[in-house]
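Q: Line by line, the protein sequences give chains P and S.
If you're matching positions, the first sequence starts at 1 in full-length UniProt numbering and goes up one per residue.
If you're matching positions, the second sequence starts at 1 in full-length UniProt numbering and goes up one per residue.
The set of hints was computed from the structure by calculation and includes no laboratory data.
Any given hint could be a false lead.
[Stated by the list, open to error] Incomplete in silico selection of chain S near chain P, CB under 10 Å: (1) R62; (2) P91; (3) I128; (4) P129; (5) F304; (6) M306; (7) L319.
We treat Cβ as the ideally placed atom computed from N, Cα and C, and that holds for glycine.
Here is what each chain is made of, one letter per residue.
2 protein chains.
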Amino acid sequence: MPKAATRPVVLTGDRTTGSLHLGHYVGSLKSRLVLQEDHRQFLLLADAQALTDNGDDPARIRRNVIEVALDYLAVGIDPEKSVICVQSCLPALAELTMLYMNFVTVSRLERNPTVKQEIVQRGFQRDIPAGFLCYPVSQAADITAFKAGLVPVGEDQLPMIEQSNEIARRINRHVGRELLPEAGALVSCVGRLPGIDGRSKMSKSAGNAIPLSATPAEISAAVQAMFTDPGHLRVSDPGRVEGNVVFTYLDAFDGSPDLADLKAHYRRGGLGDTVLKKRLDACLQALLAPIRERRAAFAKQPDFVMDVVRAGTARAAVLTQQTLDEVRAALGLFSFGGG
Amino acid sequence: MPKAATRPVVLTGDRTTGSLHLGHYVGSLKSRLVLQEDHRQFLLLADAQALTDNGDDPARIRRNVIEVALDYLAVGIDPEKSVICVQSCLPALAELTMLYMNFVTVSRLERNPTVKQEIVQRGFQRDIPAGFLCYPVSQAADITAFKAGLVPVGEDQLPMIEQSNEIARRINRHVGRELLPEAGALVSCVGRLPGIDGRSKMSKSAGNAIPLSATPAEISAAVQAMFTDPGHLRVSDPGRVEGNVVFTYLDAFDGSPDLADLKAHYRRGGLGDTVLKKRLDACLQALLAPIRERRAAFAKQPDFVMDVVRAGTARAAVLTQQTLDEVRAALGLFSFGGG
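Using the sequences and the hints given, assemble the complete structure.
A: What follows is the structure, encoded as structure tokens:
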């Protein structure tokens, strides 16, 4: 593929902490299906990064490498178009991280807003694992190793791209040329999908997520349990649309032109939650049925899935090793070739 | 060599910040000559660690990889008995470091007395490179990757061994068996050799060192410039032995039984610095002449030296990769082999 070299490189991926859910679908998977058509897209199964805050449960992280790969294939990621690879099987990433760690100060890492926020979320306080503090450096290694021009992120992850570009600039300044490209952030315009309980974020651990592999009954149960408007007691009562998870999901997954009318009707009163939920249920069943079926089909071919991930990791290994070699040579590290 | 496997493993080495001097000879090289006779000794040319506080000058670090290897060969390190290898050419060390960083907290690293002291010495204050803060983790990776049972250290480096053993214990506890041996510290009983100016430490950067490659004229000039007793103005004056660098060096390098008499004579008065310095000069010339000659001879065979280092690094690569594979498997990381 001679044209491949000129297509912009996108790096994205997921921590392998659990299988993916509807939040991932809306937030990232959907756009990856578009991106893979005219970009060189690398999907990193970020098991090493997942270990920085799950050091006590590596078995879960390992198991989910293949689960997430299955999710990718299930939603339509095409291994001919996107490269699926395992982070911890790419030694060049660890080596680049170690080199970059000499170009970032501890206080700079401590000031990273994303890290700061996540330290609070995870309740680490003073017991932050060193790997967690340094994970922005590891991300910079990922981004630059693939020479990614574009990294899809949520708004809260922007400081990570900034940190990566800062390191790239420091290295470039140090070696006197544009060795490492800076990455642009592709900020998702889709807001985060709330959990079915209306809490801020859909997450498996909070038990408020609809996994991509959910059965029809699980989907229906989740929709039934969904948070609407606690003040909307009778059908005839006026209802609130804002903060009503069913409407948020309809916005995200239905998107029909008559949604505006539906919202107006709900606000006026006279539209019951049951009607709404039926509509959402049908919509989610239609979305997830083919994904679930493809997932089940791929799950029956573990050798094929393993081969996809193996081949992707081998391609990524060549590319990342090449970048490492370039960085080592440019910084003037020892080599047996050049002495 | 079936016996090799039962010989205790020693890991030692040097940051490749400059070629070695008499301080290294007394402090470590001499004992390595003994250790290599009945240990499996690995000498790590620690260029990656040197970069943690010399990130701005990688060219110097690179150059000195071969300079230090030359010093090793010059003093009599036998590549048939000791393995000389380059740290930055062993990817397993970077990968182990990354894994271990999840088992050490930032505050634990900040409490490390050696790191604390070195932060002050290097004037880093708040601008500590992340790589520098984490270098005890990198040392733990070195020590455990070679499964070293014995690590020769100065007393000020004891916290490093402690940190390494702490990580080994955490990993062992985590995996439920003695995967990584704890290392014993072989504390040098020789005090640090002062610089010729009487300052605490001989170092190339302080300009108070006698390099192993010093010419006869350089040795003599260094001995001439050596700090003695500033109060010892006339030969007949009583002189101080304590803090008198010439005596410190005679203790370290001469060691004849009549040194005690010489000291007594100096203390009484009547013994001139010139006599002392002549004696030390002769002693150092005799010590350094064969080292300098062997060094010059090896320097004329750069291919041989490169081959020694290449072969040593290849051996070390096999060993360290094996440990990495064991750690990954024991922690349950993803692998294409076992799934």
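Q: Hint by hint, where does the structure go against what was stated? Just the numbers, ascending.
A: 5 and 7
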